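S.K.: Sequence:
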Amino acid sequence: MNKDIAHYAKTRHTAKAYDSSKKISDEDIEKVKELLRFSASSTNAQPWHFIIASTDEGKKRVTKGTEGLYHFNTPSILNASHVVVFCSKLDIEEDYLLRVLEQEDKDSRFQAGPEFKERQHMVRNLFVNMHKHDYKDVQHWMDKQVYLNVGQFLLGVAALGIDATPMEGIEVKALDEEFGLREKGYGSLVVVPIGYHHEEEDFNAKLPKSRLPYSEILTEV
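Start counting the sequence shown at 1; every next residue gets the next number (this note's numbering).
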């Protein structure tokens with residue numbers, strides 16, 4: 001029986017323990033990658049990079065970000081089937097914007113004429129420069145786009161029957177050093193283990209979801 005998207009929003013939960021014996025299929029991992037790639041992005045800037053760890057060695061490297069204060073997050077990283085590290089660009093340079101533009105052209109985004117390609121580049125630069133020079137929050141602007149991706153990702157993997165655990169409890173400096181991210185122009189933001197929750201140990205799977213009522217969060221006009 002097909003379920004509507006609201007079903008997954010209401011039934012997904014943050015897994016607190018994973019069954020290390022259960023692995024995500026290669027077919028579903030390809031869909032997971034598509035969720036990452038096709039997320040919404042302001043002006044289609046796509047200011048992100050992702051690390052997917054599936055091996056024991058790879059997941060151990062991700063735990064470099066949880067060795068200190070956030071040690072309680074280590075078991076989920078090690079026991080999950082896969083772990084995704086969401087990273088944000090540290091700067092958004094003209095040559096990067098041109099690469100995005102050329103990819104759009106390659107993907108036939110400008111079929112109506114070359115003037116639409118020029119307009120797209122102008123509009124994207126307008127937003128980038130506005131956040132760089134006027135609001136002075138370009139890093140925050142890019143980070144917010146990565147969080148848009150995280151939100152879509154959590155709902156998307158739930159629709160695939162995959163559990164997830166979004167973690168801001170990480171030492172980003174340690175993770176950045178482990179994977180050489182800053183030298184590549186990126187910084188880590190969020191780690192998301194994915195897999196299948198442990199039936200006995202994941203207490204959160206047994207709890208009812210709790211949200212504020214519509215009367216408090218929603219205004220209809």
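Treat the hints as calculated values from the structure; they're not laboratory data.
Be careful, since some hints might not be right.
[What the hints assert, rightly or not] Using C-beta positions, here's what the derived DEER-type ranges look like: (1) Lys117 / Ala159: 21 to 29 angstroms; (2) Gly68 / Lys136: 42 to 50 angstroms; (3) Ile5 / Glu183: 22 to 30 angstroms; (4) Gly161 / Gly68: 17 to 25 angstroms; (5) Thr11 / Lys117: 25 to 33 angstroms; (6) Thr11 / Glu220: 20 to 28 angstroms; (7) Asp105 / Arg182: 27 to 35 angstroms; (8) Ser20 / Ala159: 17 to 25 angstroms; (9) Gly161 / Pro114: 41 to 49 angstroms; (10) Pro114 / Ser20: 49 to 57 angstroms; (11) Phe127 / Asn204: 34 to 42 angstroms; (12) Glu115 / Pro213: 43 to 51 angstroms.
These figures come from a predicted structure and were not determined experimentally.
The C-beta atom is built at its ideal place from N, Cα and C for all residues, glycine as well.
S.K.: Which of the listed hints are not met by the structure?
M.R.: Numbers 1, 2, 3, 4, 5, in rising order.
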